[in-house]
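Undergrad: Keeping the supplied structure of chain A fixed, place chains B and C upon it in accordance with the hints.
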Amino acid sequence: MSTTQAAAGEVSGAAGDGRDGGRVPLSDRARAERRLGWWLAGPAFVVMLLVTAYPILQAFYESLFKYRLTDPDAREFTWLNNYVVVLSDSIWWRAVGVTVLITVITVAVEAVLGFALALVMHRALTTLRPILRTAILIPYAIITVVSAFAWFYAFSIDSGFVNSWFNWLPGISEDTNWFGEFGTSVFVIIASEIWKTTPFISLLLLAGLAQVPEDLQEAAKVDGATWWQRLYKVTIPNMKAAIMVALLFRTLDAFRIFDNVFIMTQGANNTEVVSFLAYRQTISRLEIGLGSAVSVLLFLCVVLISFLFIKLFKVDLASARGER
Amino acid sequence: MDEGQLSRGTKAWWWVAGIAVIVYALFPVAWIVSLSFKTPSDLANLQFLPTNWVWDNYDNILVGDAQNLFLSALRNSVGISLIATFISVVLATFAAYAIARLDFPGKRLILTTALAVAIFPVISIVTPLFNLWRNIGLYDTWPGLIIPYLSLTLPISIWTLSAFFRQIPWELEQAAQVDGATTWQAFRKVIVPLATPGVFTTAIISFFIAWNDFVYGISLTSTEAARPVPAALAFFTGASQFEEPTGAIAAAAVVVTIPVVILVLLFQRRIVSGLTQGAVKG
Amino acid sequence: MRRRTVSVAAATVLLTALAACGSDETTPTLTWYINPDNGGQVELARRCTEAADGAYRIETSLLPREASAQREQLARRLAANDSSIDIISLDPPFIPELAEAGFLAEIPDDVAEAVTENVVQGAIDGATWRDQLVAVPFWANTQLLWYRKSVAQAAGLDPENEPVTWEQLIAAAQSQDKYLGVQGIRAEALTVWINALVASAGGEILDNPEAPADQVQLGLESDAGQAAAQIIEDIARNGLGGPGLANQDENGAMLQFQGDRGSFMVNWPFVWAATLAGVEAGNLDQSLVDDIGWALYPAVAEGEESRPPYGGISLGIGAFSEHTDLAIEAAQCIVTPENQAYYMVTNGNPASNTEAYDDPEVQETFPMADLIRESLEAAAPRPQTPYYNEVSTGLQNTWHPPSSVTPDSSPEDATTLITEVLKGERLL
Chain A
1 MSTTQAAAGE
11 VSGAAGDGRD
21 GGRVPLSDRA
31 RAERRLGWWL
41 AGPAFVVMLL
51 VTAYPILQAF
61 YESLFKYRLT
71 DPDAREFTWL
81 NNYVVVLSDS
91 IWWRAVGVTV
101 LITVITVAVE
111 AVLGFALALV
121 MHRALTTLRP
131 ILRTAILIPY
141 AIITVVSAFA
151 WFYAFSIDSG
161 FVNSWFNWLP
171 GISEDTNWFG
181 EFGTSVFVII
191 ASEIWKTTPF
201 ISLLLLAGLA
211 QVPEDLQEAA
221 KVDGATWWQR
231 LYKVTIPNMK
241 AAIMVALLFR
251 TLDAFRIFDN
261 VFIMTQGANN
271 TEVVSFLAYR
281 QTISRLEIGL
291 GSAVSVLLFL
301 CVVLISFLFI
311 KLFKVDLASA
321 RGER
Chain B
1 MDEGQLSRGT
11 KAWWWVAGIA
21 VIVYALFPVA
31 WIVSLSFKTP
41 SDLANLQFLP
51 TNWVWDNYDN
61 ILVGDAQNLF
71 LSALRNSVGI
81 SLIATFISVV
91 LATFAAYAIA
101 RLDFPGKRLI
111 LTTALAVAIF
121 PVISIVTPLF
131 NLWRNIGLYD
141 TWPGLIIPYL
151 SLTLPISIWT
161 LSAFFRQIPW
171 ELEQAAQVDG
181 ATTWQAFRKV
191 IVPLATPGVF
201 TTAIISFFIA
211 WNDFVYGISL
221 TSTEAARPVP
231 AALAFFTGAS
241 QFEEPTGAIA
251 AAAVVVTIPV
261 VILVLLFQRR
271 IVSGLTQGAV
281 KG
Chain C
1 MRRRTVSVAA
11 ATVLLTALAA
21 CGSDETTPTL
31 TWYINPDNGG
41 QVELARRCTE
51 AADGAYRIET
61 SLLPREASAQ
71 REQLARRLAA
81 NDSSIDIISL
91 DPPFIPELAE
101 AGFLAEIPDD
111 VAEAVTENVV
121 QGAIDGATWR
131 DQLVAVPFWA
141 NTQLLWYRKS
151 VAQAAGLDPE
161 NEPVTWEQLI
171 AAAQSQDKYL
181 GVQGIRAEAL
191 TVWINALVAS
201 AGGEILDNPE
211 APADQVQLGL
221 ESDAGQAAAQ
231 IIEDIARNGL
241 GGPGLANQDE
251 NGAMLQFQGD
261 RGSFMVNWPF
271 VWAATLAGVE
281 AGNLDQSLVD
291 DIGWALYPAV
301 AEGEESRPPY
311 GGISLGIGAF
321 SEHTDLAIEA
331 AQCIVTPENQ
341 AYYMVTNGNP
351 ASNTEAYDDP
361 EVQETFPMAD
371 LIRESLEAAA
381 PRPQTPYYNE
391 VSTGLQNTWH
401 PPSSVTPDSS
411 PEDATTLITE
421 VLKGERLL
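Chains as they are written, first to last, in full-length UniProt numbering: chain A, 1 to 324; chain B, 1 to 282; chain C, 1 to 428.
Since the hints were made in silico from the structure, they are not lab data.
Computed from a prediction, not measured in an experiment: that's the story for all the values here.
C-beta: ideal position from N, C-alpha, C; glycine also.
Incorrect hints may appear among the rest.
To be verified - For lysine-lysine, the following DSS-like pairs were computed, each having C-alpha atoms within a straight-line distance of at most 30 Å:
hint	chain 1	residue 1	chain 2	residue 2
1	A	221	A	233
2	A	233	B	11
3	A	221	B	11
4	A	240	A	311
5	A	240	A	221
6	C	423	A	66
7	A	233	A	311
What the hints assert, rightly or not - Ranges of calculated distance between the beta carbons of each label pair, as one might list FRET restraints:
hint	chain 1	residue 1	chain 2	residue 2	range
8	A	53	B	105	13 to 21 Å
9	A	42	C	46	52 to 60 Å
10	C	212	B	132	29 to 37 Å
11	C	287	B	142	52 to 60 Å
12	B	189	A	213	31 to 39 Å
13	A	53	B	16	49 to 57 Å
14	A	213	B	142	46 to 54 Å
15	A	174	B	59	28 to 36 Å
16	B	196	A	108	36 to 44 Å
Claimed, not checked - In silico contact screen, one side only, chain A against chain B (beta carbon under 7 Å); selected entries:
hint	residue
17	134
18	142
19	150
20	306
Looking at chain A on its own, in the form it has when it is part of the complex (with noise of 0.2 Å):
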């Protein structure tokens, strides 16, 4: 899903405000537009904590249970214990290890992928260019599950065209099963979720490129440097906060895959990662305990993650914030 592009910029946008001051005594009216201010903006502030925060305090006390749903009266509280079992099993870090993986291969490929296609679609001639913002819309828009069957079954070995059609190319046979291994099965897996997210990512990269001041371009040109130069010394550093932001959004939302491997393996041939081994947890096994174990530690990686991000590109945001 792509909910979040906005945000780093948003909120380096609001630390540096200064606006929000308060050192000066208020006037009656800075008073009453303060109350304005959380009148509106409260409710949906308390929805967001409602819905989010509550849950998530809950999973933690029930973390510290050894409880499982159709076993009610075993419950019994046992402190860190749940979490001393998810941290010394191997399936926790091979889940660690495959989400990661999945996160790096894809977030890689797509930034390529969507630099490319925001590139042509920013110097695509005018009659082409709606033309492609529709079609590239439409891998946005769709449903990820949706995504995760079309992909599934074109390449599985009932009822997909994928080996009849590229059975020339070394590897690829009509006896290939490409959901019978681990690295053809997280193949298809990653090709999913490229196809369907790349168009999010790109779209990003089309308004930073957007931003990159033309006169410089044209500068560039005039003083003879190449296409590869320009790229390099005036589009990519012009646009970094916006490739910082797509980056981070993208590898939060990769981390928390789910849709795809549920489709399309269940988590076979190695290929759980770790959204997958909570839900397996507490819904198929019933094992509250254990899982919202699970779903704390994922939202604790969620939260390192961000934090390393911001942390090691506080700097490019606050640059990004200077051109406004």
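TA: This is chains B and C only, laid out in the frame that chain A set:
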């Protein structure tokens, strides 16, 4: 760029690149459409196109055995997504106005919260919600899905809308206030007309997100009372328990993709601007 | 709070039912949770509603397609003391879990006696927990050995008259360069296969299925467990399961069997109806049907009887139902031999009551009806434990893909994983 200057060759290359993009975007969609027109035994023909094009799969889900399952799921999906979209856009409009326009402490807190909610792993809150919903009777009901959907749609609505609102020429509002209008009147008479396109775009994007949900759908419903389409796909069955419902799934997938395609065709320019607004221009 | 929720839910169900049918207000409505089928259970609900003549009305509500997903949903709802669940179509392996948790209403002794009369033993065993019948046997499934007569002949086998072993099938498939139809997908189908192999070799997956979680003992590290692993290894290592073995389910196995390289296949009787339907639709040739033979499930060792897989559906009664008595009555109506025969003919799902097999229509539709009955009598249920989900998933995780299975490591791996999971020391 002045297109008149382009040589024939360069133009041709642009067309090639453009067509490559279109093929990329539409190919999997074409495949699922083709699949939905295959007969059960044709599904195994390992070809892209059906040998005979048949409407059987659509008959099955729209008027046949699977119609109860599919049509109720479709109704749920449409209803729940629309209501969730409406609520989140209303809440977000107020919030975004305040953020873009007013001075008040906690602005940053709200934006940070929205950020945190947006990156929240859905799976982490499904179990506690499931337990809570059971206890208060929201399990397997429309509100039981609408409320969690807000966690998906509200953050993006707030950002997209704040980005839109920042571009509005607020001098007009000030002018209106100078003319004696209250903040509220200025908002309603001057800003609302200017903001409507942004609100509308935000609504479309929110709708896509609610429409896309799968995890809440499979975890918080159990009957036709609230089960949305993505979750219902797991309920289709072939002619018997062990036969694959590939055809029915493909047909249902096509049906739920149609509204999305229509929205995209009608509003592509707006959606693109909505998605790109905040990112850099913030 | 809970009580109010429950009554609100009940009232809603009632209201919907009334609005839908607009009939007499005093008629209680029973909700029957059914697994997806070809419309047969809906029809049975209608028939029994009619037969009840106003005593009750049965409505159906659909469960997911996968057995494990059905269990998830039922367990979650029943854990919430859902009173809207009156009758439940249950896959046998999950019955102990629900019974142990107290989610299933007791079935009175006289009813138990009546509904088990003439019922095949496998179905009775599958519906029993701690020596008490906890569900009403409805239909019972079993796998047969399906074979292409031409291939069997060429390989010098006559499965119809002489029981065959897995070893013979492997040799035959190898010499004829054909594929064996088995289910290697990481799903319940794989557990079904492993269980049948272990049971046919004279062993059991669990030694003490009724024990509490931390005391369950596995029986895989035995000759039987190793024999089962050996068969899977032989098939997978030699590529005899076909290229798609690692995710081949019942449907995939059938498609392969119908193709050029089909030879022998273990599968449920749905394949017969599905193949006939394919011929009718013009996608398959009549000559294929003429070439198909059937026999009892293959044995592991020569001279020993095989224990075919057992499946099907039994009807549980929701413990929190407000009309338990009526629900039991309704379940008895659903499972009459006539209704079972109807269900078998129209939906292809074999009856658990032997009387149904005397029905002329059954005999006509299923030329192998008597063999199915025979197979059901010999069938071995999967381990009956409240922790079946853990056992089955643990088995699937360690015995998949089939090409990784070896007699030396796989039984041990499964034993270690499942034991630790049941002790709460590991994730699954």
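Undergrad: Run every hint past the structure and note whether it holds.
TA: Results of checking the hints against the structure:
1. The hinted pair formed by residue 221/A and residue 233/A meets the criterion: a straight-line CA distance of about 12 Å does not exceed 30 Å.
2. For a cut-off of 30 Å, the pair hint linking residue 233/A to residue 11/B stands: about 26 Å separates their Cα positions.
3. Proximity of residue 221/A to residue 11/B is assessed by CA-CA distance (about 20 Å); at most 30 Å being required, the pair is judged to hold.
4. Proposed proximity of residue 240/A and residue 311/A is supported: the alpha carbons are some 15 Å apart, at most 30 Å.
5. The straight-line distance between the Cα atoms of residue 240/A and residue 221/A is roughly 21 Å, inside the 30 Å bound, and the hint therefore holds.
6. For the hint linking residue 423/C to residue 66/A, the alpha-carbon distance of about 11 Å falls within 30 Å, and the restraint holds.
7. In summary, the hint linking residue 233/A to residue 311/A is supported, as the alpha carbons are separated by about 25 Å, within the 30 Å threshold.
8. At roughly 20 Å, the beta carbons of residue 53/A and residue 105/B sit within the given window of 13 to 21 Å.
9. For residue 42/A paired with residue 46/C, a C-beta distance near 53 Å keeps the hint of 52 to 60 Å intact.
10. About 30 Å separates the C-beta atoms of residue 212/C and residue 132/B, a value consistent with the hinted range of 29 to 37 Å.
11. Separated by about 54 Å at the C-beta atoms, residue 287/C and residue 142/B satisfy the suggested range of 52 to 60 Å.
12. Between residue 189/B and residue 213/A, the C-beta spacing of about 37 Å keeps the proposed range 31 to 39 Å intact.
13. The hint said 49 to 57 Å for the Cβ distance between residue 53/A and residue 16/B, and at roughly 51 Å that hint holds.
14. Taking the beta carbon of each, residue 213/A and residue 142/B are about 50 Å apart, inside 46 to 54 Å as hinted.
15. A beta carbon spacing of about 32 Å between residue 174/A and residue 59/B agrees with the range 28 to 36 Å that was offered as a hint.
16. Range check, residue 196/B to residue 108/A: about 40 Å between beta-carbon atoms, so the 36 to 44 Å window is met.
17. Residue-level restraint check for residue 134/A holds (minimum Cβ-Cβ distance to chain B is 5 Å; threshold 7 Å).
18. The beta carbon of residue 142/A is positioned within 7 Å of a beta carbon in chain B (closest approach about 6 Å), and the interface hint is therefore held.
19. Taking 7 Å as the C-beta cut-off, the interface hint given for residue 150/A holds, the closest approach to chain B being about 4 Å.
20. Hint on residue 306/A holds. Least Cβ distance to chain B is approximately 6 Å, under the 7 Å limit.
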